[in-house]
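There are 2 protein chains.
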Amino acid sequence: MIRMILALVGAWLMVLAMGPKVVPLLRRMHFGQTIYDLGPQAHKSKQGTPLMGGLMMACALLVTTVVLHPSPFLGKWDFILALLLVSFLTMLVGFADDYIKAVKKRHEGLTPWQKIAGQILIAVVFSVYCYFHPLVGSSIDIPFVGKTWDLGVFYIPIMTLVVLFMVNSANLQDGLDGLLSTVNAVSMTGWAAIALLMMVQSIDLHLAEAVTSYASAAIFALALVGASMGFLRFNRYPAKTFMGDTGSMLIGGAVVGIAMLTRKPLYMLLLNFTLVGSSVSVIMQRAYYKLTHGKRIFKMSPIHHHFELCGYTETQIVSMYACLTAILTLVSVLSLIRY
Amino acid sequence: MIRMILALVGAWLMVLAMGPKVVPLLRRMHFGQTIYDLGPQAHKSKQGTPLMGGLMMACALLVTTVVLHPSPFLGKWDFILALLLVSFLTMLVGFADDYIKAVKKRHEGLTPWQKIAGQILIAVVFSVYCYFHPLVGSSIDIPFVGKTWDLGVFYIPIMTLVVLFMVNSANLQDGLDGLLSTVNAVSMTGWAAIALLMMVQSIDLHLAEAVTSYASAAIFALALVGASMGFLRFNRYPAKTFMGDTGSMLIGGAVVGIAMLTRKPLYMLLLNFTLVGSSVSVIMQRAYYKLTHGKRIFKMSPIHHHFELCGYTETQIVSMYACLTAILTLVSVLSLIRY
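Same order as they appear, the protein sequences are chains A and B.
If you read the first sequence in the numbering used here, its first letter stands for residue 60, the second for the next number, and so on.
If you read the second sequence in the numbering used here, its first letter stands for residue 60, the second for the next number, and so on.
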């Protein structure tokens, strides 16, 4: 437990300590956000807020998980390498995008196909890894009913799509000051609790290898909780820095990584409901727009901009999203305690 | 587990459903806040915001805990009656105060001695109850070291002071929009987790009576988490209603009640650190003022007003308090998992 506590507190303090140095540095390096022309008018004032604050989270996450890994040697089936690889590789795609946007001042960043190609590669490799992992495999847990659903070989293409969907959902949700960092701090606490529950089960079943795997997943999740809360110090309204695609894709990769390794991708519909909702609102908006040749369901998508244009302030929307996420996360975790 | 899920979600939905009816009603009944003359100037605009929104939380808490109590009959040593009595009786003192302030428009409310006398009575009775309760007694757990500290018969006077201190701390912290409701949602989740851990321990030890007691404490805590999050919908910045002394003393009573029944009053220094800090800042300020004949440590106490006068916005202070509480709560809960 001491490692988990240190991961949480260590990552939190590291980001808090880095912020006052790194944020002005990013600003001097002209890593300013070029605000999306299609966003709400009110966001014009955010022009120039330094991007890539997500690098602070990444740094804290990497250092704490590596230092605090529970076993001196990596077990053959340990989760930590897979988690770090999937989250940091998806982050790299986001980082390339941010870098082009910020330094070359081209708003578009990577072309959509460059992004997607990189993401597909990561998604396929990770899905295949999970498929063949003895603690994971092709069966996924169904919430509330206590049953599993074996996807067989379809696990690989389906999960590839799930990875793509979630990583880009995180990217879409990152549009208001403090929104994604707050929501992620809440739901990632739930993922840590799920990993802990599976660790305790493995102890009861005397599966030593599994214990280390789930413990390292919990350490990873708690480090990311700490990093998100530290980052919130600089990202809360009015934001001094944005996490950028760098940060949002790191979070997206981390969420989908831990969900798949714990065999619970379906639980993302609960713990990460608002993430999924961000994407779904964009898809609905576009589909409806095309079908009706120009009508809209929402005033603007992703749906947090709709709420903004309905008159809610950024902090009200963050509070709303955080409460909904907390309720759904608590319900999910409570439903997994078997007593 | 289903009862706990229903308590959380039920209380949340009840407050959300009540709000749109109750808030305008409170306003019509002229239950408006008379803003403290000594508060920050910026708070003058809050004049007239309806008070006693805490009644919605109380109502949701009462209904859900009574309906969802795990056993059809009250066990002899069940916690639920004690928890409901201590929180609702402390609330009554706050309610009387609010009522005089709001309806009679006397800013002072009850005289300090009337308040303290009522609180002392409740505190003594509850401390005696805990002292003689077979699951509680005079020993309290010390955080992190895994040892207990037997206070003997001093338990009663010490805990009486602790009850007084915590109830009035909650009252002092309730000075910014959404502050106490957010902080309470976070820390009360931790108290629910602690009750759940003790429930699981009791199952392992085959103590059927204790299982029901801790389960009902967890249900109570989760109902209050749900109620706080529902209330936040109307209390977040800019607040449509305040919880008033009614709500803050309900929360204070609930916190100290569950902490004492789980033998963990010392853990309030962690989970409810910001609550304790609010009181301590007031005491420090007054002592320093008297000693130095007019100098101040903080620009204003409780310390959240100091931060406000230092230029932080209300939502920034809420975010700061919530993150600190979340970290300390997670550390406490993790330290109690024995693996």
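Among the hints, erroneous ones may be present.
Because identical chains cannot be distinguished in the list, a pair is counted as satisfied if it fits within a single copy or across any two copies.
[As the list claims (entries may be wrong)] Calculated lysine-lysine pairs in the DSSO-like style (CA-CA distance at most 30 Å, straight line):
| # | residue 1 | residue 2 |
| --- | --- | --- |
| 1 | LYS80 | LYS135 |
| 2 | LYS354 | LYS163 |
| 3 | LYS206 | LYS163 |
| 4 | LYS163 | LYS80 |
| 5 | LYS354 | LYS80 |
| 6 | LYS80 | LYS358 |
| 7 | LYS299 | LYS135 |
| 8 | LYS349 | LYS299 |
| 9 | LYS135 | LYS358 |
Hints are computed from structural coordinates only; laboratory data are not their basis.
inquiry  = Cα distance capped at 30 Å. Does LYS299 pair with LYS135 within a copy, between copies, both, or neither?
reply    = So LYS299 and LYS135 fail the 30 Å test inside a copy (42 Å) and across (56 Å) alike.
request  = Classify it for me, LYS354 with LYS163: is the Cα-Cα distance of at most 30 Å met within a copy, between copies, both or neither?
outcome  = Neither, since 35 Å and 54 Å both go past 30 Å.
query = At most 30 Å between C-alpha atoms: does LYS354 with LYS80 qualify within a copy, between copies, both, or neither?
reply = Answer is neither; intra-copy 47 Å and inter-copy 34 Å both fail.
ask   = When no copy is specified for LYS206 and LYS163, does a C-alpha distance of 30 Å or less occur within a copy, between copies, both, or neither?
value = Neither. Shortest intra-copy (51 Å) and inter-copy (60 Å) distances fail the 30 Å Cα cut-off.
query = Should LYS349 paired with LYS299 be assigned to within, between, both, or neither, using CA atoms and 30 Å as the limit?
reply = Result: close neither inside a copy nor across copies, 37 Å intra and 40 Å inter.
request  = Since the copies are identical, ignore which copy is meant and state whether LYS80 and LYS358 lie within 30 Å (CA to CA) inside a copy, between copies, both or neither.
outcome  = Answer is between: at 28 Å across copies they meet the 30 Å cutoff, but 39 Å inside does not.
Homo-oligomer pair classification [LYS358, LYS135; C-alpha up to 30 Å] = neither (50 Å within a copy, 57 Å between copies)
inquiry  = Within a copy, between copies, both or neither: which one fits LYS80 and LYS135 at a CA-CA cutoff of 30 Å?
reply    = neither (39 Å within a copy, 59 Å between copies)
message = I want to check one pair: LYS163 and LYS80. Are their C-alpha atoms no more than 30 Å apart within a copy, between two copies, both, or neither?
response = within (23 Å within a copy, 54 Å between copies)
In the structure shown, a violation is registered for the earlier hints numbered 1, 2, 3, 5, 7, 8, 9, in ascending order.
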